[in-house]
Amino acid sequence: MATDEGLRGGSGTTLAEPAAATPRGAAVAGGADAAPAEPGAEHRLMTINMGPQHPSTHGVLRLIVTLDGEVVVKVVPDIGFLHRNFEKIVEGWSFPGIVPFSDRNDYLGAITNEVAVCLAVEKMAEIEVPVRATHLRVLFSELQRIISHVLFYGTFGLDLGAFTPFMYAFREREMGYTLMEKATGARMLYAYNRLGGLRNDVPDSWFRELEKFLDYLERQAWPEYMALLIENQIYRERTIGVGRLTPEQAVAWGASGPMLRATGVAWDLRRAAPYLSYDQFEFDVPTGKNGDTYDSAMVRMLEIKESIRIIRQVIRILPDGPVLGRVRPNVRPRPGEYYSRVESPRGEVGVHLICDGGAKPYRLKWRAPSFCHLQLVPLMAEGSKVADLIAAVGSTDVIMGEVDR
Amino acid sequence: MNILLFSILKAAAVVAFLGLNAFVLIWAERKISGYIQRRYGPLRVGGPAGVFQSAADILKLVAKEDFVPGGADKWLWTLAPAVALVPAVLVYLVLPIGRTVVLQNLNIGLVFFASVTSFTLLGIFMAGWGSNNKYSLVGAMRAGAQLFSYEIPLILSTVGVVVATGTLSLQGIVQAQVTHHEWFVFPQILGFIVFYVASLAELNRTPFDLAEAESELIAGYFTEYSGIRWAMFAIAEYSNLFTTSALGVTLFLGGWHGPWLPGWIWFLIKSYVLVFVGIWIRWTLPRVRIDQLMDLGWKFLFPVSVVNVLGTALYLMVR
Amino acid sequence: MALWERLWNTGKSMVVGHGITIREMLRKPVTVRYPEEKPPFERGSRSVPVLKVNEETGLLNCVSCGLCERSCPPSCIEIVQAVGEDGHRKPWPETFQLDLSHCMVCNLCVEACPFDALEMADVVELSSYQVQDLIFNKEQLAELWKTSRALRVAGGERLDAEEAVAAGTPARP
Numbered sequence: 001m002a003t004d005e006g007l008r009g010g011s012g013t014t015l016a017e018p019a020a021a022t023p024r025g026a027a028v029a030g031g032a033d034a035a036p037a038e039p040g041a042e043h044r045l046m047t048i049n050m051g052p053q054h055p056s057t058h059g060v061l062r063l064i065v066t067l068d069g070e071v072v073v074k075v076v077p078d079i080g081f082l083h084r085n086f087e088k089i090v091e092g093w094s095f096p097g098i099v100p101f102s103d104r105n106d107y108l109g110a111i112t113n114e115v116a117v118c119l120a121v122e123k124m125a126e127i128e129v130p131v132r133a134t135h136l137r138v139l140f141s142e143l144q145r146i147i148s149h150v151l152f153y154g155t156f157g158l159d160l161g162a163f164t165p166f167m168y169a170f171r172e173r174e175m176g177y178t179l180m181e182k183a184t185g186a187r188m189l190y191a192y193n194r195l196g197g198l199r200n201d202v203p204d205s206w207f208r209e210l211e212k213f214l215d216y217l218e219r220q221a222w223p224e225y226m227a228l229l230i231e232n233q234i235y236r237e238r239t240i241g242v243g244r245l246t247p248e249q250a251v252a253w254g255a256s257g258p259m260l261r262a263t264g265v266a267w268d269l270r271r272a273a274p275y276l277s278y279d280q281f282e283f284d285v286p287t288g289k290n291g292d293t294y295d296s297a298m299v300r301m302l303e304i305k306e307s308i309r310i311i312r313q314v315i316r317i318l319p320d321g322p323v324l325g326r327v328r329p330n331v332r333p334r335p336g337e338y339y340s341r342v343e344s345p346r347g348e349v350g351v352h353l354i355c356d357g358g359a360k361p362y363r364l365k366w367r368a369p370s371f372c373h374l375q376l377v378p379l380m381a382e383g384s385k386v387a388d389l390i391a392a393v394g395s396t397d398v399i400m401g402e403v404d405r
Numbered sequence: 001m002n003i004l005l006f007s008i009l010k011a012a013a014v015v016a017f018l019g020l021n022a023f024v025l026i027w028a029e030r031k032i033s034g035y036i037q038r039r040y041g042p043l044r045v046g047g048p049a050g051v052f053q054s055a056a057d058i059l060k061l062v063a064k065e066d067f068v069p070g071g072a073d074k075w076l077w078t079l080a081p082a083v084a085l086v087p088a089v090l091v092y093l094v095l096p097i098g099r100t101v102v103l104q105n106l107n108i109g110l111v112f113f114a115s116v117t118s119f120t121l122l123g124i125f126m127a128g129w130g131s132n133n134k135y136s137l138v139g140a141m142r143a144g145a146q147l148f149s150y151e152i153p154l155i156l157s158t159v160g161v162v163v164a165t166g167t168l169s170l171q172g173i174v175q176a177q178v179t180h181h182e183w184f185v186f187p188q189i190l191g192f193i194v195f196y197v198a199s200l201a202e203l204n205r206t207p208f209d210l211a212e213a214e215s216e217l218i219a220g221y222f223t224e225y226s227g228i229r230w231a232m233f234a235i236a237e238y239s240n241l242f243t244t245s246a247l248g249v250t251l252f253l254g255g256w257h258g259p260w261l262p263g264w265i266w267f268l269i270k271s272y273v274l275v276f277v278g279i280w281i282r283w284t285l286p287r288v289r290i291d292q293l294m295d296l297g298w299k300f301l302f303p304v305s306v307v308n309v310l311g312t313a314l315y316l317m318v319r
Numbered sequence: 001m002a003l004w005e006r007l008w009n010t011g012k013s014m015v016v017g018h019g020i021t022i023r024e025m026l027r028k029p030v031t032v033r034y035p036e037e038k039p040p041f042e043r044g045s046r047s048v049p050v051l052k053v054n055e056e057t058g059l060l061n062c063v064s065c066g067l068c069e070r071s072c073p074p075s076c077i078e079i080v081q082a083v084g085e086d087g088h089r090k091p092w093p094e095t096f097q098l099d100l101s102h103c104m105v106c107n108l109c110v111e112a113c114p115f116d117a118l119e120m121a122d123v124v125e126l127s128s129y130q131v132q133d134l135i136f137n138k139e140q141l142a143e144l145w146k147t148s149r150a151l152r153v154a155g156g157e158r159l160d161a162e163e164a165v166a167a168g169t170p171a172r173p
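Chains as they are written, first to last, in the numbering used here: chain A, 1 to 405; chain B, 1 to 319; chain C, 1 to 173.
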């Protein structure tokens with residue numbers, strides 16, 4: 001083989017690989033290949049490890065990257081570092097207990113996780129949810145979407161080397177946390193949904209604070225985000241045309257959410273398969289054109305505005321009433337299976353629940369959008385440079401908690 | 001004998017200023033970055049403003065384990081921080097601090113400055129190669145390519161000033177600005193912009209900090225250095241930050257020229273204003289990619305600086 | 001983008017971006033200098049389930065039925081019922097141990113309790129140097145209830161009327 005001849009003919013050191021990648025090695029062996037680059041190419045490739053611990057913000061993700069100089073030849077994501085056995089553990093828990101536990105999967109989109117589980121169990125156990133609870137679930141899902149997309153903005157900037165937008169994003173997230181704490185009691189992992197509605201109601205004063213937060217976000221924070229990072233020319237050069245995906249690729253690999261919409265496919269579960277009371281609200285679904293990281297980030301920034309719009313509508317039409325329906329203490333859904341899907345900030349979160357009539361689920365499968373998006377990273381990044389790889393991974397907005405569950 | 005004593009005193013003053021400058025700039029950068037990000041910087045060490053944070057950092061660095069990486073080229077690896085630090089010290093020789101205060105008024109001051117700062121490149125290569133670490137080597141290659149590419153626009157942007165004044169002596173250039181009552185930043189605005197952008201690239205600061213902050217991937221040329229050895233690189237970087245800003249002030253912003261206050265105070269004020277601008281830029285902008293960096297250096301800054309020189313020369317010929 | 005457009009956008013975005021950072025630099029930082037300053041801890045914030053004490057009798061409401069133990073998803077409650085000298089079991093707990101290091105703060109125990117014996121306290125400064133210190137027994141839990149300003153929200157229907165009005169939540173009939 002040309003490579004063995006190259007090694008035997010080369011200097012034989014193992015320290016600096018470029019020294020062994022000598023075309024003269026192939027020449028010594030008799031010029032096995034006409035183009036000296038070919039047998040040397042394997043030696044020129046360098047495999048490095050972006051380890052599970054790294055100073056960027058993706059979580060415990062390991063990328064095994066093969067580089068040819070500056071160009072990424074192959075990238076393999078290695079996952080499983082945050083596996084916590086969610087699906088097996090909940091097979092031993094009763095249904096009300098699954099809801100707080102599902103928060104931990106996509107910890108940045110906690111409310112949407114809980115909604116997914118609640119919808120599945122409520123459908124199978126035929127539990128009635130009051131109207132006020134349904135609307136409040138919509139409100140909290142959208143508030144969660146705002147908070148998550150603001151964090152995406154910050155971490156995407158950090159991946160690109162802009163340190164300040166991250167801090168500004170956390171300033172707004174702190175306000176969001178305070179609001180959620182006033183309503184639900186917790187800042188990040190809420191355990192707020194219950195089978196049949198919500199844990200507790202929110203006082204009217206909370207809605208006034210929410211309106212103030214939304215006004216501030218729309219008028220001051222959002223334009224500042226756009227002006228500081230998104231409209232920055234360096235940012236545009238780093239993200240336009242980078243990590244491109246075609247709509248066919250995105251659909252074939254199971255992308256959903258902002259990743260899919262960035263390629264131009266206008267698929268939003270809130271429109272296509274409405275759940276809760278989304279069919280009563282007016283909102284646009286922003287889509288991109290090119291499927292690159294710029295569009296991906298822009299779709300999320302525009303979704304912040306759409307979520308603000310939805311929340312305002314919810315506040316206007318919110319009726320009075322209870323927030324928790326009548327639920328038997330021992331929830332036993334009828335046997336069968338059901339797949340519930342919600343639009344989380346990352347994409348389609350699916351809960352496939354199989355019940356056998358007992359008080360515990362037989363099997364609960366969690367469909368995580370980040371799992372599918374991570375498989376898109378090689379498509380987006382192979383052939384481009386290292387910095388583009390990092391931008392591409394950042395733009396997928398993966399949360400390792402739900403990738404590994 | 002007197003000359004020897006005087007020279008030793010001058011050298012000691014330079015080293016003392018170097019240390020003090022690094023001390024202040026590390027703290028200042030952390031405080032400024034903090035306030036830009038709506039947070040406090042260092043707060044507890046040394047009173048409510050944390051002014052002795054740098055002292056705590058130095059103590060910590062001194063206490064770290066001193067090791068030589070296995071398989072490293074011992075002499076290259078050990079000497080690299082020194083080779084990076086010596087140019088940082090040497091350039092103080094030609095900076096005109098006051099009307100009559102300059103350590104050595106070389107009549108090729110600008111050439112001395114430019115050639116000495118190029119030695120930093122050598123230090124980086126020594127660090128990258130001597131570390132016996134493929135990541136360090138590739139990081140050093142990148143940093144080297146960056147530094148090398150931006151030397152040319154940096155120097156060319158100053159040639160416009162040289163052509164206008166006819167002297168390479170830094171003190172002479174300041175004198176020319178004083179006698180004409182006009183700082184060169186106004187007629188040579190292109191040169192100033194090119195100079196400042198190129199100097200940010202020379203200093204490896206954001207938006208051109210690929211060598212350092214590509215830590216997600218390759219840890220950079222000083223990955224194998226810890227403790228005081230790393231501190232020497234950091235001190236060299238902050239010293240270069242000051243001296244490059246000082247050079248910009250000398251060439252374009254009138255050096256020590258200013259009303260009422262003594263010259264050296266104006267010099268320091270103006271230099272630190274440029275340093276502040278450098279820190280401000282660092283915490284505002286994202287990073288450029290390596291190929292975009294090369295494009296910027298060769299395809300934009302280089303032609304602009306050439307145009308600047310030609311334009312200046314034509315203007316002077318016509319006048 | 002055409003070269004001129006790129007140049008123009010570069011200049012404009014640089015100026016605007018730097019304007020934003022310098023403006024933010026001159027505003028007061030949002031950091032709260034803990035522990036000298038404390039942020040306003042929210043009433044109604046959940047941290048640890050605590051045992052309520054009947055103010056008249058001074059006894060715990062808990063009758064050690066074990067419903068909370070069964071409903072706790074991570075199984076962090078351990079109850080041992082008291083046995084009197086006559087050998088009969090008594091309606092109060094001998095030990096009631098709550099492992100805060102495992103507690104998910106999900107509120108399910110509070111909702112499961114039919115005797116209104118548990119409540120979520122809003123003390124948040126609970127860190128300790130040893131993990132063993134995070135296992136609270138019944139005396140510590142009762143103390144926490146007494147000293148904290150817990151908002152008793154448990155499933156909506158058992159909201160105390162005066163507390164509700166004070167907290168701004170509409171009281172349920």
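Careful: at least some of the hints might be erroneous.
Quick list of the computed label-pair ranges, beta carbon to beta carbon [stated by the list, open to error]:
1. B:Phe186 <-> A:Gly51: 46 to 56 angstroms
2. A:Gly51 <-> B:Gly46: 35 to 45 angstroms
3. B:Val86 <-> C:Val131: 44 to 54 angstroms
4. B:Gly46 <-> A:Pro274: 25 to 35 angstroms
5. C:Lys38 <-> B:Pro259: 17 to 27 angstroms
Once the Cα atoms are required to be at most 30 angstroms apart in a straight line, the calculated DSSO-like pairs of lysine-lysine come out as [claimed, not checked]:
6. C:Lys38 <-> B:Lys31
7. C:Lys38 <-> C:Lys90
8. C:Lys146 <-> A:Lys182
9. A:Lys123 <-> A:Lys360
10. C:Lys138 <-> A:Lys289
11. C:Lys146 <-> B:Lys31
12. B:Lys31 <-> A:Lys74
13. A:Lys385 <-> A:Lys289
14. C:Lys38 <-> C:Lys138
Derived from the structure by calculation, the hints contain no laboratory data. The beta carbon of each residue, even a glycine, is placed where N, CA and C say it ideally should be.
Consistency of the hints with the structure:
1. B:Phe186 <-> A:Gly51: 46 to 56 angstroms: Hint holds: Cβ distance 51 angstroms, inside 46 to 56 angstroms.
2. A:Gly51 <-> B:Gly46: 35 to 45 angstroms: Once the Cβ atoms are compared, 36 angstroms apart, the range 35 to 45 angstroms for Gly46 (chain B) and Gly51 (chain A) holds.
3. B:Val86 <-> C:Val131: 44 to 54 angstroms: Holds: the Cβ-Cβ distance is about 53 angstroms, inside 44 to 54 angstroms.
4. B:Gly46 <-> A:Pro274: 25 to 35 angstroms: violated (60 angstroms)
5. C:Lys38 <-> B:Pro259: 17 to 27 angstroms: Once the Cβ atoms are compared, 50 angstroms apart, the range 17 to 27 angstroms for Pro259 (chain B) and Lys38 (chain C) is violated.
6. C:Lys38 <-> B:Lys31: Measuring from Cα to Cα gives roughly 22 angstroms; hence the hint holds.
7. C:Lys38 <-> C:Lys90: Violated - the C-alpha atoms of Lys90 (chain C) and Lys38 (chain C) are around 44 angstroms apart, more than 30 angstroms.
8. C:Lys146 <-> A:Lys182: Roughly 22 angstroms separates the two Cα atoms, so the pair holds.
9. A:Lys123 <-> A:Lys360: This hinted pair holds, its Cα atoms lying about 15 angstroms apart.
10. C:Lys138 <-> A:Lys289: Distance ~61 angstroms between Lys138 (chain C) and Lys289 (chain A) Cα, so the pair is violated.
11. C:Lys146 <-> B:Lys31: Cα-Cα ~43 angstroms, so violated.
12. B:Lys31 <-> A:Lys74: violated (41 angstroms)
13. A:Lys385 <-> A:Lys289: Holds, because 22 angstroms separates the two Cα atoms, which is no more than 30 angstroms.
14. C:Lys38 <-> C:Lys138: Status holds; Cα separation ~29 angstroms.
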